[in-house]
Structure formats: C-alpha cells, structure tokens
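A.B. asks: Sequence:
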Amino acid sequence: MLVQLAFYIAPFSVSIPTSILMAKRGYKFSLGGALALTVFGSLSLYFTLSILSFLGALISVFVVAMGVAALQVVANPYVTITGESHTATCRLTIASTLNSTGTTLGPVLLAIAMVTVGVANIYLILALVIAMIAVLIFRSSLIDVKPKQQVKVAAHFGRLAKQPQFLFGALMIFTYVGVEVAVGTVTISYLSDSNIAGLSVATATTLISLYWAGSLVGRLVYSWLANRYQPLKVLMWGALSAITLIVFAILTKSIFGGIALVMIGLCNSFMYPIIFSRAIENLGEATGAASAILVMCGIGGGVIPMLQASTIASLGIVHSYFVPILGYIAIASFSWLSNTAVNRALKWS
Numbered sequence: 307m308l309v310q311l312a313f314y315i316a317p318f319s320v321s322i323p324t325s326i327l328m329a330k331r332g333y334k335f336s337l338g339g340a341l342a343l344t345v346f347g348s349l350s351l352y353f354t355l356s357i358l359s360f361l362g363a364l365i366s367v368f369v370v371a372m373g374v375a376a377l378q379v380v381a382n383p384y385v386t387i388t389g390e391s392h393t394a395t396c397r398l399t400i401a402s403t404l405n406s407t408g409t410t411l412g413p414v415l416l417a418i419a420m421v422t423v424g425v426a427n428i429y430l431i432l433a434l435v436i437a438m439i440a441v442l443i444f445r446s447s448l449i450d451v452k453p454k455q456q457v458k459v460a461a462h463f464g465r466l467a468k469q470p471q472f473l474f475g476a477l478m479i480f481t482y483v484g485v486e487v488a489v490g491t492v493t494i495s496y497l498s499d500s501n502i503a504g505l506s507v508a509t510a511t512t513l514i515s516l517y518w519a520g521s522l523v524g525r526l527v528y529s530w531l532a533n534r535y536q537p538l539k540v541l542m543w544g545a546l547s548a549i550t551l552i553v554f555a556i557l558t559k560s561i562f563g564g565i566a567l568v569m570i571g572l573c574n575s576f577m578y579p580i581i582f583s584r585a586i587e588n589l590g591e592a593t594g595a596a597s598a599i600l601v602m603c604g605i606g607g608g609v610i611p612m613l614q615a616s617t618i619a620s621l622g623i624v625h626s627y628f629v630p631i632l633g634y635i636a637i638a639s640f641s642w643l644s645n646t647a648v649n650r651a652l653k654w655s
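Mapping to our numbering: the sequence shown position 216 is 522, numbers consecutive.
Any given hint could turn out to be false.
What the hints assert, rightly or not - Estimated spans, in silico, between C-beta atoms of each pair:
(1) 516 / 618: 19 to 29 Å
(2) 365 / 431: 14 to 24 Å
(3) 359 / 508: 40 to 50 Å
(4) 530 / 323: 12 to 22 Å
(5) 362 / 438: 45 to 55 Å
Hints are computed from structural coordinates only; laboratory data are not their basis.
Here a beta-carbon is modelled for each residue, glycine too, at the ideal position from N, C-alpha and C.
Please build the complete structure, drawing on both the sequences and the hints.
C.D. replies: Spelled out as structure tokens, the structure:
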C-alpha cells in the first residue's frame, strides 16, 4: 500500500517543477533530466535493498516514482508536438502501446530476474540501462522544442484555467484512470464471489491479467487504425461499449458478466491518448504546464477505486459498478461536446 501511495503522490511533487524546467531548457534536456532522476532512484534502491533498509527503500521508490512521473510530463506532449497535428493521437497511441507492453512483460521478466540475479541487482541493471538511454538521448539528433521567449510559468497556468477544453480534458484523465483501476480491482471480487461468478481467487486474478493485456492489444490495433477514424468518435464508441458491458454484468451476475467486465480492457485501451492529445491541443507554450497537470490527474486511480469500494458495503459488489458507469458517461459526454456546435462556440476547436 505504501509503495502504491508513493506512485500516486510523486506526480504532485515533481510535475510542476518539470514543467518549469521544460519552459526554461526545452523538452530534450528535461527528458534527459527525468531519466537521470530515475537512474538515481534505481541506484538508491540497489543500495537500500542491499542493506535491508525498508525506510530507505521506500524513499528510493518515491524517487523512482518521481522520475517516472517526470518522464510522463515530458514524453507525452513531446510525442504529440513533434509531427503533424492530425497524427498526434496515433503517435501517442503507439507510445502508450509500448508502455502497455512493458506493463504486460515486466512482471514476467521481473520474476525471471529475481531468480537469476536477485532483487537488489535488478535495480542496478535498470540504472545502467536507463543511464545508457539518457546518454543516447543527450547525444542524439532528436528534435528539441524550446520556448521562443521566457514566459513565467504562472502565466501558463493562468491561461489554462480559462481553457474549457483543457479543464474538461483534465477531469476526464482523472476519471479515465480512476475507472480503469476501479474496474480492474473490483472485478476480482466479482469473479471470485460465490454468489456471482464463483471462481477461485487464483483463477479470477488470471482473468484480470487479460483485462490489462486488453489495453496492449487494443492499442496495437488502434495504432494501426487511428488515421482511418475520427479519434473523438472512437472515444465515444469506446465509452458506450464499456457502459454496455457493465450493464450486462450487472444484469447477468454470472461468469459471462465477469468476462464482459474483462473485455472493458479493450474499451479502455485507446482512451488515454485520445483524451490527452485533445486536452493539450493548440495550447502552444502552455503545453508543458498542461502536461504536468494532466499527469497529476492520475490521482484518480487512487480516488475512484476507493469510492467504488466504499459503495460495496451498502450496494453490494454488483451494483457498485454504477460508479464506473457514471465515469464512462462523463467520458462519452466529453467526446460528444468536443464535436458539437456548443464546443465550437466555446472555441474548443
């Protein structure tokens, strides 16, 4: 629990400073800095695990979490602005696909590494690999994006506060991350409850791994199809499909309902890159500050699952899924409003 808490708190301590660094030194330098922070945290973990210090290891995990959060702040907008605007969602989807690949393969590789090299040595190897990547980035010919003039970062945040498109997008990132984690967490209880699906906890956990793998498969497919379909329409259909699957699970209360909930992983797969790219669209030099806020909105992954869990006592496991239904309704509304005359009147497009 403390390790998970570290990853939810870290973005609040590093996202704003990272956006300031981006505004002053550019994206390429900031990307290298984020990698350097991750290297430092990994080396710290190696030493603290070697001396069996729990507090030291927890602090080191927090440093690694800050490095990961800083990488998200820099990399997401970097991917969207270094190319044609109409293919930004496609590029971000490909980047998200690589992230999902790591999420899927990471536990397997970690299990192998724990047996072969030991836990502490894993972080030493990670530090060396990440350090090599940082050096390659600093010496590469990657396009850099630097501000044309020094603008106070506070002015960027003031501008963002007046952007309905960004504010709504930030709320949807909070909502999306929250419902994704909530469904992936509570569905284990749905599958293992003797009055619903009746599976063993081990089998339920295995099925949930397919939920997360669905994000990888969905992103692979969408990265191939992204340029053929309007992203916001895809987002709409994804949210409506998720709602349909949840309603089916509520009505059937069976293993088939559990399978429907697992399939929501496919619906979730393309939501983040679409919402993120839409939220930072046409923000210019405020893009870095916007990215920092959007990364912090990932705290929804800690809030909404707790909200759904709190409803289980009064509503039961099945009816607690009305919480993610409301989240997906909000995401569908974001998609619809972003395509209407009301949206254009507010200068969202």
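A.B. asks: A separate judgement is required for each hint: does it hold in the structure or not?
C.D. replies: Here is what the structure says about each hint:
1. 516 / 618: 19 to 29 Å: Holds, at about 23 Å.
2. 365 / 431: 14 to 24 Å: holds (21 Å)
3. 359 / 508: 40 to 50 Å: violated (33 Å)
4. 530 / 323: 12 to 22 Å: At roughly 37 Å between Cβ atoms, residue 323 and residue 530 fall outside 12 to 22 Å, so the hint is violated.
5. 362 / 438: 45 to 55 Å: violated (25 Å)
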